[in-house]
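Visitor: Input sequences plus hints: build the corresponding full structure.
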Amino acid sequence: MSALPVSAALARFGLGARPGSLAAAGRDPRGLFEAEMAAPGAGLLADPALPDGTASLAALYAYERTVREAAKASPMTSGMASPAASADGAMAAPRGMAASEPAMEVPKGPQGSQGPAKDAAKEPPKEQPLPTRMHWAEVSARLAHLTTGEGTAGGFVERLVRFWTNHFAVSTLKGGPVRVLSGPFEREAIRPHVLGRFADMLRAVETHPAMLLFLDSTLSLGPDSPAGRNRRRGLNENLAREIMELHTLGVGHYAQADVTALSGLITGWTVSGADGKLAPPGAFFFNPNWHQPGPLTVLGRTYPEPGFQRGVDALDALARNPATADFVALKLARHFVADVPPPALVGRLARTFRDTGGDLRAVSLALLAAPEAWDPAARKIRSPWEFVVAALRLPGGFASDLRPNAFLANLTALGEPLWSPAGPNGFPDTLDHWASPEGMKTRLDIAAKLAARVQADPGGITETAFSQGALSDESRHALAFAESRQQAAAILLMSPEFQRR
Amino acid sequence: MTDLCEHAPTRRALLGTAGALFAWSLMPRMASAAGARDSRFVCIVLRGAMDGLSAVAPVGDPAYGPLRESIALNGETGAPSLDGFFALHPAMPNLARLYRGGQASVIHAVATGYRERSHFDGQDVLESGQPGPGRTQSGWLNRLAQALPAGERVRPSGGAGGADLLGVGVTPPLVVRGQAPVYGWAPPMIARANDETVRRVLDLYAARDPLLASRLREGLDTERLASTQGGAMKMQGNAGTPDGMRRIAEGAARLLATDDGPRLAALAFDGWDTHAQEGGATGRLAKLLGGLDDALSAFETGLGPRWRDTAILVVTEFGRTARVNGTVGTDHGTGTVAFLAGGRVKGGRVVADWPGLSAQALYEGRDLAPTTDLRGVMKGLFEEMFSVSDATLSRDVFPGTAGIRPLRGLLA
Numbered sequence: 001m002s003a004l005p006v007s008a009a010l011a012r013f014g015l016g017a018r019p020g021s022l023a024a025a026g027r028d029p030r031g032l033f034e035a036e037m038a039a040p041g042a043g044l045l046a047d048p049a050l051p052d053g054t055a056s057l058a059a060l061y062a063y064e065r066t067v068r069e070a071a072k073a074s075p076m077t078s079g080m081a082s083p084a085a086s087a088d089g090a091m092a093a094p095r096g097m098a099a100s101e102p103a104m105e106v107p108k109g110p111q112g113s114q115g116p117a118k119d120a121a122k123e124p125p126k127e128q129p130l131p132t133r134m135h136w137a138e139v140s141a142r143l144a145h146l147t148t149g150e151g152t153a154g155g156f157v158e159r160l161v162r163f164w165t166n167h168f169a170v171s172t173l174k175g176g177p178v179r180v181l182s183g184p185f186e187r188e189a190i191r192p193h194v195l196g197r198f199a200d201m202l203r204a205v206e207t208h209p210a211m212l213l214f215l216d217s218t219l220s221l222g223p224d225s226p227a228g229r230n231r232r233r234g235l236n237e238n239l240a241r242e243i244m245e246l247h248t249l250g251v252g253h254y255a256q257a258d259v260t261a262l263s264g265l266i267t268g269w270t271v272s273g274a275d276g277k278l279a280p281p282g283a284f285f286f287n288p289n290w291h292q293p294g295p296l297t298v299l300g301r302t303y304p305e306p307g308f309q310r311g312v313d314a315l316d317a318l319a320r321n322p323a324t325a326d327f328v329a330l331k332l333a334r335h336f337v338a339d340v341p342p343p344a345l346v347g348r349l350a351r352t353f354r355d356t357g358g359d360l361r362a363v364s365l366a367l368l369a370a371p372e373a374w375d376p377a378a379r380k381i382r383s384p385w386e387f388v389v390a391a392l393r394l395p396g397g398f399a400s401d402l403r404p405n406a407f408l409a410n411l412t413a414l415g416e417p418l419w420s421p422a423g424p425n426g427f428p429d430t431l432d433h434w435a436s437p438e439g440m441k442t443r444l445d446i447a448a449k450l451a452a453r454v455q456a457d458p459g460g461i462t463e464t465a466f467s468q469g470a471l472s473d474e475s476r477h478a479l480a481f482a483e484s485r486q487q488a489a490a491i492l493l494m495s496p497e498f499q500r501r
Numbered sequence: 001m002t003d004l005c006e007h008a009p010t011r012r013a014l015l016g017t018a019g020a021l022f023a024w025s026l027m028p029r030m031a032s033a034a035g036a037r038d039s040r041f042v043c044i045v046l047r048g049a050m051d052g053l054s055a056v057a058p059v060g061d062p063a064y065g066p067l068r069e070s071i072a073l074n075g076e077t078g079a080p081s082l083d084g085f086f087a088l089h090p091a092m093p094n095l096a097r098l099y100r101g102g103q104a105s106v107i108h109a110v111a112t113g114y115r116e117r118s119h120f121d122g123q124d125v126l127e128s129g130q131p132g133p134g135r136t137q138s139g140w141l142n143r144l145a146q147a148l149p150a151g152e153r154v155r156p157s158g159g160a161g162g163a164d165l166l167g168v169g170v171t172p173p174l175v176v177r178g179q180a181p182v183y184g185w186a187p188p189m190i191a192r193a194n195d196e197t198v199r200r201v202l203d204l205y206a207a208r209d210p211l212l213a214s215r216l217r218e219g220l221d222t223e224r225l226a227s228t229q230g231g232a233m234k235m236q237g238n239a240g241t242p243d244g245m246r247r248i249a250e251g252a253a254r255l256l257a258t259d260d261g262p263r264l265a266a267l268a269f270d271g272w273d274t275h276a277q278e279g280g281a282t283g284r285l286a287k288l289l290g291g292l293d294d295a296l297s298a299f300e301t302g303l304g305p306r307w308r309d310t311a312i313l314v315v316t317e318f319g320r321t322a323r324v325n326g327t328v329g330t331d332h333g334t335g336t337v338a339f340l341a342g343g344r345v346k347g348g349r350v351v352a353d354w355p356g357l358s359a360q361a362l363y364e365g366r367d368l369a370p371t372t373d374l375r376g377v378m379k380g381l382f383e384e385m386f387s388v389s390d391a392t393l394s395r396d397v398f399p400g401t402a403g404i405r406p407l408r409g410l411l412a
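Chains A and B are the protein sequences, given in the same order. UniProt numbering puts the first residue of the first sequence at 1, with every later residue one more than the last. UniProt numbering puts the first residue of the second sequence at 1, with every later residue one more than the last.
Treat the hints as calculated values from the structure; they're not laboratory data. A hint or two may mislead.
[Stated by the list, open to error] Among chain B residues calculated to face chain A with C-beta under 7 Å, some are:
{"hint": "1", "residue": "F120"}
{"hint": "2", "residue": "D121"}
{"hint": "3", "residue": "A186"}
{"hint": "4", "residue": "G326"}
From a predicted model like this one, the values you see are computed outputs, not experimental measurements. We put the CB at the ideal spot given by N, CA and C, even for glycine.
Guide: Below, the structure written as structure tokens:
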């Protein structure tokens, strides 16, 4: 029915082909995606070794205390333990984190010498600080899941996870707490709901410590609340604004008064500190003492009864607002299909969203069922994350370096540092953004780097990566006449058929 | 002589050496005519809405201290006074030095025409130069490059890469994007693909994918130019860290300093959205301002003899609330500051029609009221720097600004 080659469908909707993907898809990639959606536990990342968000934040508190105490005990060496900067307040040590973040660094030695063998020859690897190790463990779990995990031969569900994580973006650039929480946030607030209800995801996101900390809401206090009357603190409207602008309605569908009222409705939504006086350290809890009293009106609806529930009710109302359906439908279609997607497709997705009460499984199925989404013209380019993940799924040596810091460094160089967008709007999602001159040049450098370890014949790799008829004659020719296997591998990664989707 | 009503529809009181600006603006433009100089213009966009009331604090306004509480600046916090009324943030010693030397000025209570409070729409308006968000995919700096009068090109010939414009970052900011070709450049972070592989991929794109071919070729050209200046630059740094700002400025200055390099550049620094724990003389905002200050200094050093022909304009999408918020930070506001620095600048002045910070004077009861339109500032700059007429600027570069007078006399 569709002229879109199977391997191109795997790039557009999934993670790209890995050994076995083309066989599993047969002639029906849509069937493979739907089967993966129907599998029990679809979307979840089961790794018993990873601590939940509360435990992660508690571990960070304990680590920071140790660092502070060590600094006090031996002031001479305190300059080296830079996370001590967090001792002075809520902004926990972004500088210290950056200093201990090898993933962000240029290779130390001569260019191209970052192989583990060489590094090891220079000096034994130093143990990374605990927050870095926690972050890397989260990244490693994703790498394993994306490359060889169960239920990711097609990878549509993982692409949905990626989409929603970017829609509800938090950023590790905020500093220590958000850095250790970014992985748990994705596992706890996004993954359980990518095939569930939007309203449930919204609630999970806005009550997650990662989001509350990222958008400065943990200290927001009702000015007329019992605590507010005693202290010189008050509202912070950052989270409330982004809930409406970025998470649900989109800009233009609310007024400043709605922002102020919604920020009042979610006062008291906060995260327990290291002392754990009111809740276990690191956990979300509702502090009624901080909650703004009195009736508050958002978008014409008044919430009279103070308490946690009215914030949840306001979120539910935002999830049901027709503007939210339109906003989500446009973003989904733009991500998967085209920067300016066909209006009929957007309309159908929005209608499905509204008719099913925001059932994201139904919306995702509607996308897969839409003929417009199977247009053979590839109007998008893979994002850096999609590109690097697709390369790591190929056989023949592309995946010989699955260290989390190498993965993170590649994404940073390509302008899409993992879980680290510059702002709460996440990364842009357009062809022009990713196919920039600097972006394309960097892709070529990364492609050469990933290809440098390839030892296999390009023929076998090509058969895994591309279905019959997917590769142009020109690309086949360039691969066949490459001067080395490594060069062939780099050209394969840079071929229009691998880059476009 | 503090009136500028000759030049602006609203009364523009000029704090500082007001007379000089007035006198200058009546003189015919001669020394500044394009061709006489080899001008450089740099736009630095601060994303996230910089708090203008902390960057340049109106310490002489009686309402300022009470509004700002613990984050207020004053003489005791080491903020150097600019003119007795405004004080510069103490984290910016280089800017203070340039200001004293007549090579930097401040425009206060300034804003674009955007009056909502979304970062993303605000940046869209700031960078597109359009009256509202979502109107265009091109930025005003790109359209300025296209509007330069024939014979008064910023550069006599195409030169390497054929672009007058430099856009810094893996994705250049919107302000520089558009039909005129742009060098994209970002600090390199990884080893480069070998030349033969590069050639083959380019050949393949030439045959199969014209868009990717042109983008890749541009990226490669830019890198070639950057790496021939001062050898292999091994840089790193994120545009939202102080160290990253300096490194990015060093690289951009190196490109701008070359005789056949670009003349107009745009870069963006992130992270100015200080909703919580903003800090006063020290703290979060102070670190960012320190990074910006280092970046300005890196431009001064890196541009060498070209510094005297350079004007750098530092802008942000809007300001922040006048009153400190519940989390010792500030929320999205309206009026803010813009900085001008460089050898071309007629500095040592704070240009402002100060609206005051009393409860009645605040915009919507919460923000510094904007009294100067940023587009008027830009039009004044480009008229004098590049001899582009107000009519052209109002039509092609900043559409719909025919009613906004160019603010003249900002350049020496």
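Visitor: So, for every hint listed, does it hold in this structure?
Guide: Outcome of the hint check:
no.	hint	in the structure
1	F120	holds (5 Å)
2	D121	holds (6 Å)
3	A186	holds (5 Å)
4	G326	holds (3 Å)
Checked against the numbered hints listed earlier, the structure breaks none of them; every hint is satisfied.
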